[in-house]
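Those sequence lines, one after another, are chains A and B.
Using this note's numbering, you'd call the opening residue of the first sequence number 256 and step up by one each time.
Using this note's numbering, you'd call the opening residue of the second sequence number 4 and step up by one each time.
What the hints contain is simulated information worked out from the structure, not anything from laboratory work.
There's no promise every hint is true.
As the list claims (entries may be wrong) - Below 25 Å or equal to it, Euclidean Cα-Cα: the simulated DSS-like pairs (lysine-lysine) are:
(1) A/441 to A/428
(2) A/606 to A/639
(3) B/390 to A/606
(4) B/390 to A/639
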Amino acid sequence: MAEITITRGFDIPMTGQARKELDILPDTPLVAVLPDAFHNIKPKLLVQEGDTVLAGTPLFFDKQEERFHFCSPASGTIKTIHYGERRKIEHIIIETDGKNKHVSFPARSLKDLEKANPEDLQEDLLKAGLWPLLRERPFNRIARPDKKPKSIFISLIDTAPLAADPLFLIQGKEDLFIQGITCLKKFTDGPVHICGNGTTDLEKSLKGVEKHVFTGPHPAGNPGVHIHHIDPVNRGESVWVVRPQDLVLIMSFLTTGVYPQRIRAAVAGEAASNPRYVEIPWGAPLTQAMGKISKDADVRLIAGNVLTGEKKEKDGYFGFYDTLLTLIPENRERRFLGWITPGLKAFSYSKTFLSALFPQKSYSFDTNRHGGHRAFVQTGLFEKVVPMDIYPDYLIRSILAEDIPEMEALGLYEVVEEDLALCAYVDPSKNDINAIVRQGLDLLEREG
Amino acid sequence: MIVKMMRKLFDTLRPYFEEGGRFHGLWFLFEGIESFTFTTGKVTDDAPHIRDHLDIKRLMSMVIIALIPAILMGIYNTGLQGLIADGISVTFWGAVFRGLRVVLPIIIVSYAVGGFWEVLFAVIRKHEINEGFLVTGMLFPLVLPPNTPLWQVALGISFGVVIGKEVFGGTGMNIFNPTLVGRAFLFFSYPSGFSGSAPYMAARSVDAVTSATPLAVASATPAGESVTTSLMNFSLNYDLKTFLTGLYPGCIGETSAIAILLGALFLLITRTASWRSMAGTVIGAFLTVSLFNILAKPGSNPMMHLPFQYHILMGGFLFGTVFMVTDPVSAAMTRTGKWFYGLLIGVMTILIRVVNPAYPEGMMLAILFGNLFAPLFDYYVVKTNMKRRLNRAQQ
Numbered sequence: 256m257a258e259i260t261i262t263r264g265f266d267i268p269m270t271g272q273a274r275k276e277l278d279i280l281p282d283t284p285l286v287a288v289l290p291d292a293f294h295n296i297k298p299k300l301l302v303q304e305g306d307t308v309l310a311g312t313p314l315f316f317d318k319q320e321e322r323f324h325f326c327s328p329a330s331g332t333i334k335t336i337h338y339g340e341r342r343k344i345e346h347i348i349i350e351t352d353g354k355n356k357h358v359s360f361p362a363r364s365l366k367d368l369e370k371a372n373p374e375d376l377q378e379d380l381l382k383a384g385l386w387p388l389l390r391e392r393p394f395n396r397i398a399r400p401d402k403k404p405k406s407i408f409i410s411l412i413d414t415a416p417l418a419a420d421p422l423f424l425i426q427g428k429e430d431l432f433i434q435g436i437t438c439l440k441k442f443t444d445g446p447v448h449i450c451g452n453g454t455t456d457l458e459k460s461l462k463g464v465e466k467h468v469f470t471g472p473h474p475a476g477n478p479g480v481h482i483h484h485i486d487p488v489n490r491g492e493s494v495w496v497v498r499p500q501d502l503v504l505i506m507s508f509l510t511t512g513v514y515p516q517r518i519r520a521a522v523a524g525e526a527a528s529n530p531r532y533v534e535i536p537w538g539a540p541l542t543q544a545m546g547k548i549s550k551d552a553d554v555r556l557i558a559g560n561v562l563t564g565e566k567k568e569k570d571g572y573f574g575f576y577d578t579l580l581t582l583i584p585e586n587r588e589r590r591f592l593g594w595i596t597p598g599l600k601a602f603s604y605s606k607t608f609l610s611a612l613f614p615q616k617s618y619s620f621d622t623n624r625h626g627g628h629r630a631f632v633q634t635g636l637f638e639k640v641v642p643m644d645i646y647p648d649y650l651i652r653s654i655l656a657e658d659i660p661e662m663e664a665l666g667l668y669e670v671v672e673e674d675l676a677l678c679a680y681v682d683p684s685k686n687d688i689n690a691i692v693r694q695g696l697d698l699l700e701r702e703g
Numbered sequence: 004m005i006v007k008m009m010r011k012l013f014d015t016l017r018p019y020f021e022e023g024g025r026f027h028g029l030w031f032l033f034e035g036i037e038s039f040t041f042t043t044g045k046v047t048d049d050a051p052h053i054r055d056h057l058d059i060k061r062l063m064s065m066v067i068i069a070l071i072p073a074i075l076m077g078i079y080n081t082g083l084q085g086l087i088a089d090g091i092s093v094t095f096w097g098a099v100f101r102g103l104r105v106v107l108p109i110i111i112v113s114y115a116v117g118g119f120w121e122v123l124f125a126v127i128r129k130h131e132i133n134e135g136f137l138v139t140g141m142l143f144p145l146v147l148p149p150n151t152p153l154w155q156v157a158l159g160i161s162f163g164v165v166i167g168k169e170v171f172g173g174t175g176m177n178i179f180n181p182t183l184v185g186r187a188f189l190f191f192s193y194p195s196g197f198s199g200s201a202p203y204m205a206a207r208s209v210d211a212v213t214s215a216t217p218l219a220v221a222s223a224t225p226a227g228e229s230v231t232t233s234l235m236n237f238s239l240n241y242d243l244k245t246f247l248t249g250l251y252p253g254c255i256g257e258t259s260a261i262a263i264l265l266g267a268l269f270l271l272i273t274r275t276a277s278w279r280s281m282a283g284t285v286i287g288a289f290l291t292v293s294l295f296n297i298l299a300k301p302g303s304n305p306m307m308h309l310p311f312q313y314h315i316l317m318g319g320f321l322f323g324t325v326f327m328v329t330d331p332v333s334a335a336m337t338r339t340g341k342w343f344y345g346l347l348i349g350v351m352t353i354l355i356r357v358v359n360p361a362y363p364e365g366m367m368l369a370i371l372f373g374n375l376f377a378p379l380f381d382y383y384v385v386k387t388n389m390k391r392r393l394n395r396a397q398q
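Chain A extracted, bound-state conformation:
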C-alpha cells in the first residue's frame, strides 16, 4: 500500500453539499438517452419514433465501432427523436409503459462469474449497452474491446466541488462492488488499483488488489492524478478507469441478466432547494430530481460538477454517466468598481481578497465570470494547482500551436479536462482551458 500526499491544488469550498439521505423517487413518464453523453461516437439509429422498446433494446450504435450499442433504459415507446444542427441526434425520448420489461440476458451465479471467460462477459456487456461504463485513458473514451489495459483504476474518492460520494452511491451494494473487482481482473494482465482515503471499512476489506491512499486537496481524487502517480500512461498504452457506481451497475446486470433501470445521483448546490441523494430512473428528467425552483429564478443547471459538468436546460435529462446535478445561481450583476472591493465574502485561490484573512467554511459561488477575457499571462498559478509532473502552461500552449509531438512529450496522454480544470478556474485571464484541453485530446486521438 502506498500513501501519496497531494500538496498542489485546493478545495473549492462551496455551499450546498448533498445530505447523505437517499430519496427514492418514483418512475417517470419520460426518460431520455443523449448520444452527446459519449465523446467522439458517430451514432447510427436503430429505431424510429413510435417503435416499442424494452429496457436494454439498442437505440443506436457507433458507426466507427459497431459493437458499441447504446440502449433504452426503460420499456415503452419512442416518443420523439430530437435533431439539432446538421441532423445531429440530440436526444431520444422514451415514453415509459411502467411495465419494466427488459431484454433477457443470462443471469450468472457467483460461481458462473468466477469461471466465465472475459470474452463472454464482454459480449454481453457490449450487446446490452453497458460496456461504455468502462472507460479508457488516455482520452477518457469508451474502453476499446480488443485492447487489454495495462491496469485498471477504481477511485473511491471524489474531491471535486460538491461531488457525489462514490461510497454513498454504492451503499448497500458493496458486495456487488467487491465481486465486480474479481470480474474486472479478468480484463487485464496487470493489477487493479483501488485509490481511496484509507479510512473506510470497504477499502480495508478488499483483497487481491493494490490499494493506494491519496490525501490532500482536489484534484487528489481524480483518476488522472492517481494514474500519474501510480502507473502513468505512455504513448500506445492504455489503462481503464471504472467508477464504483458503474461497476455496481455492471454487476447487477451480470448477476441478474436485467438492464439496470435505476441509478443514484446527488443533487447539490446553493440553488438546490433540497440537496440530497436520489434514486431515479436512468435517463430521468432533471426536473424530477431537482425539486422546486421558482419559475423566474435564474439558476444554472449543471450535470456533473461545476468544474467540468455540462450546462443543461430546465427541460433536460440525466445523461448516461451523470450522477450529480449541481444547481447554482446565475449572476449577471454588474458591480461598481468591483475589481478593487475588499472582498470579504469573495472566495479566491489567490490571497488578493480580504477573505484570505478571514476564511469562512464555505462560500456562495455563482456563474459570474469575474473579469473579461485577456491575453494569456503566465502567473505561475497553473503550476500550483496541478499535482503532476507536468507543466500546464506549456502543455496548453502546445495545444494552441497544434504541435502534436510536443503535446505528447509534455504529457497530454496523462490528463483529461478534469485534471486541468482548476487551471481554468484560477486563470485571471479567463481563458477556456477545458475546451483547449479537449481540443488537444481530440486532435491527438485523431492524429497521434
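Given chain A, put chain B in place with the hints provided.
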C-alpha cells in the same frame, strides 16, 4: 444614484460601440472604460461554470497598491532634495508640494502617452486593453531620475510600450520588461541624466547643485580606499540608515528601502509576485558579493570590498528585485526556471557594478539580460521534464 446614472450612461452608449454600431471600431476602448467602472455581467459559457474572483485587473492593481509606499516616499524625497538643492528651508508640506510638482507631471505624461499607444494598438489589433499597462505606466516614472525632462518621459514610455511590448505581439508575448526597455532607451540615448554623478536637479528651473547618488560615489572611490568610508565622508553622509529611509538623491521610487520592502511584503502576502524570483536574485547577489569579498586584496578595486548590505540597499537593486524581476511576462515561467532566472540577475548585477565601472547601476542591464535568458531556463526545465517522460516510456 451617481452609480445608477453611470450604469444608465454605459447602457445607452453601448449600442453605438457594439457590432453594427457607428463606433464599433472603438469597442475595446469602450470595453476598457466600462469594465474599469463596472464588473462584468457576463456569466460563464460552459465548464468551468464558476471562476475565481481574481482577474488581471485585480492582479495588476495589487502591484499598484504595493507601489504606494515607494510612490509616497518618492514624492516626499524628490521635494526634499529639491528644497535642499535650492537652499530653501525644509518643511514637511513644502517638500510634499515640491515633490508633487515634479513627480505628478512625470506620472501623468507616462500614463497619458503610454496609454495612448496601448489604446491605439488595442483598437487596431481588436483586442482588449490590458491592465498590465497600469503597472508599466506607474513603474516607469519611479525608475527615472526626477530631473528627467517630460519629453524624455514621453519618448521613453513610447519606446517601452511600442518596441518593448507591442512589436512582440502585445501583452504576454513580450520578451523584455517594457519599463526597463524604455528606461534603457533613455539611459543610452541621454546618458547625462542617468549617470548618477550628473547635476541633480529637483526642479527643472533651478540651478543645479552637484550631489551624486551613492553608487556614483561608490564607483568613484579611488583604489586602495574603502567605499564605505568614502560614502560616509561624502557631503550627504551615505550610511545604511540613509539608505533605509531613502532621503537622498536617486531615481524617484528607488531610494527608500523601507518603502520598497513594505511593497514586497504586500506582494508576498497576497502571493502576487514570485518569491522564488526575488529570493534567487538576493541569493545570487549575496554569493557574488561574498566571492568578491573573499577574493579582494588590499590594493584591488575598492568595489570588491563593499559588503553585501550596501549592495542591496544602494541604487535600484531592491526596487528591481521586488517590482521588475517578478514581472510575470518577462520572467522565467517554471518554478525551477525562476530560481535560475533570479540567480542570474543577482550575479549579473554585482558583476556589472563591481567589474564595469562605466555602469555603476547594474540592476537594469542585469534584468534585461535575465529576460533574454528566461526562455532558455524554461526550455531546459521543460526539456528535462519531457526527457523524464520519454525515459519512463522506454523502460
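Evaluated hints:
1. A/441 to A/428: holds, 21 Å
2. A/606 to A/639: holds, 13 Å
3. B/390 to A/606: violated, 35 Å
4. B/390 to A/639: Holds, because 22 Å separates the two Cα atoms, which is no more than 25 Å.
Of the numbered hints listed earlier, the single one contradicted by the structure is hint 3.
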